[in-house]
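Its first residue numbered 105, the sequence shown is counted upward by one per residue in this note's numbering.
Note that these hints are calculated values from the structure, not bench results.
All values reported here derive from a predicted model rather than from experimental measurement.
Take these hints with a grain of salt, some might be off.
For lysine-lysine, the following DSS-like pairs were computed, each having C-alpha atoms within a straight-line distance of at most 27 Å [unchecked claim]:
| no. | residue 1 | residue 2 |
| --- | --- | --- |
| 1 | 227 | 217 |
| 2 | 117 | 187 |
| 3 | 117 | 190 |
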Amino acid sequence: MAEISADAIRNVKTEYVRAIIKETPWERRSRIRDLVSLENFILNDWVVHSYAGAMRRHQIIGSNPTGYRCIVEELAQCDWLPKERKAAIQRIYQAHLEGIQTREQEDIERDRKTRLADEEALKAWLEVGGL
105 MAEISADAIR NVKTEYVRAI IKETPWERRS RIRDLVSLEN FILNDWVVHS YAGAMRRHQI
165 IGSNPTGYRC IVEELAQCDW LPKERKAAIQ RIYQAHLEGI QTREQEDIER DRKTRLADEE
225 ALKAWLEVGG L
């Protein structure tokens with residue numbers, strides 16, 4: 105596990121992440137590291153420089169949906185980010201939510217088709233004398 109640097113902790117921008125830092129025991133610092141990384145990904149336009157970095161970003165987003173929402177909401181209200189940057193952060197978050205919804209709908213449809221195909225196969229099996 106990669107450790108978190110003192111500078112990363114000192115340079116946290118959002119109160120949400122600061123509050124998590126205050127309430128999280130050092131033994132669970134991986135949670136702090138993930139939220140600091142998430143905040144940095146959001147503030148740096150999601151830029152990563154390697155496949156491993158992209159996989160880590162994906163893992164952090166997936167395992168911290170509440171953190172992602174809270175950080176985005178706080179950044180949208182801050183007074184130190186330009187309006188254009190705030191709007192971009194919100195657009196990216198909205199696209200993320202829409203992607204989740206699309207995948208969920210695709211999963212539901214795939215499950216429905218699988219169930220119907222299974223029912224049809226069972227019916228055919230019974231028609232040919234299956235027990």
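Hint check results:
As the CA atoms of residue 227 and residue 217 are separated by approximately 15 Å, the hinted pair is consistent with the 27 Å bound. Distance check on the hinted pair: residue 117 and residue 187 sit about 17 Å apart at the alpha-carbon level, within 27 Å; holds. For the hint pairing residue 117 with residue 190, the CA-to-CA distance comes to about 14 Å; that is within 27 Å, so the pair holds.
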